[in-house]
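Residue numbers (our numbering), protein chains in the order written: chain A, 164 to 260; chain B, 164 to 260.
By construction, these hints were calculated from the structure, which means they are not laboratory data. Just to be clear, a hint being listed does not mean it is correct.
For chains that are exact copies, the list does not tell them apart, and a pair is met inside one copy or across any two.
Each computed DSBU-like pair below joins lysine-lysine, with the alpha-carbon atoms no more than 35 Å apart [to be verified]:
1) K224 to K171
2) K171 to K212
3) K230 to K243
4) K257 to K224
5) K197 to K171
6) K243 to K197
There are 2 protein chains.
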Amino acid sequence: MNVENLNKAFDNRIRLGIMSILVVNREMNFNSLKEMLQVTDGNLASHLKGLEDTGYLSVNKGFIGRKTNTIYEITKNGEKAFREHLDALEFLIKNTR
Amino acid sequence: MNVENLNKAFDNRIRLGIMSILVVNREMNFNSLKEMLQVTDGNLASHLKGLEDTGYLSVNKGFIGRKTNTIYEITKNGEKAFREHLDALEFLIKNTR
DNA sequence: ATATTTACTTTGCATTTCAAAGTACTTTCA
DNA sequence: TGAAAGTACTTTGAAATGCAAAGTAAATAT
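Please take these sequences and the hints and turn them into a complete structure.
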């Protein structure tokens with residue numbers, strides 16, 4: 164089996180979703196991610212933190228007017244790792260159908 | 164996002180692997196699964212138990228000669244759930260590329 | 001007869017996942 | 001202007017999950 168090519172960091176569906184959104188949209192703030200993924204703040208924050216810790220996401224804290232705004236962006240490494248993960252998934256699916 | 168269409172039971176890569184093997188091969192015993200997935204006994208057993216508990220796998224304990232042989236088979240429900248999961252994954256991949 | 005192997009199962013610790021509560025503001029409106 | 005409500009996260013802690021090591025019972029090898 165090619166299961167070992169699947170990246171453990173992307174096992175979780177919320178993290179899969181985060182990466183999927185960020186690889187398409189380049190960058191996205193906390194609230195948009197929260198809306199798109201329909202998760203609680205704490206849950207989202209912890210997954211974002213996890214991805215940041217592995218170096219797959221970079222975080223940019225700024226402001227919109229006087230309100231804080233945190234933007235998440237995929238890193239080069241993150242994109243590479245994610246695409247490899249998708250390749251492995253695709254392979255698994257293909258061999259399963 | 165279509166993350167909610169991903170089945171939580173299949174988040175884990177070992178369980179993904181188990182289902183993928185069983186949907187193709189119809190049935191497989193403990194040892195073959197262990198070899199194919201390269202996991203420890205305990206780890207494999209607990210994932211098989213999890214899938215059995217949700218009703219996605221059926222277990223058949225028998226013998227080969229005088230030695231025990233436990234065969235795992237995918238259930239109708241399991242196959243349906245797994246195919247839906249793959250559909251959701253495929254959709255996510257497609258929208259990400 | 002004893003040691004080793006096989007095929008799992010049980011146990012228990014470590015990690016992960018998650019929502020609720022907390023924090024540090026900002027905005028609203030009485 | 002000051003109390004109340006909202007915003008955008010972060011922290012906390014309990015529950016669920018993941019895992020390998022140890023255990024077990026029967027078979028096989030020495």
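How do K171 and K212 come out at 35 Å by Cα distance, when the copy is not named: within, between, both, or neither? Both: 15 Å inside a chain and 21 Å across chains, each within 35 Å.
Within, between, both or neither: how does the pair K257, K224 come out at a Cα-Cα threshold of 35 Å? between (41 Å within a copy, 31 Å between copies)
Within a copy, between copies, both or neither: where do K243 and K197 come within 35 Å Cα-Cα? both (24 Å within a copy, 29 Å between copies)
Is it within, between, both, or neither for K224 and K171, if the alpha carbons may be no more than 35 Å apart? Both ways: K224 and K171 sit 27 Å apart in one copy and 32 Å across, limit 35 Å.
Indicate which option fits the pair K197, K171 if close means a Cα-Cα distance not exceeding 35 Å: within, between, both or neither. both (22 Å within a copy, 19 Å between copies)
Intra/inter-copy verdict for K230 and K243 if alpha-carbon distance must be at most 35 Å: within (33 Å within a copy, 47 Å between copies)
Hint compliance for this structure: no hint is broken.
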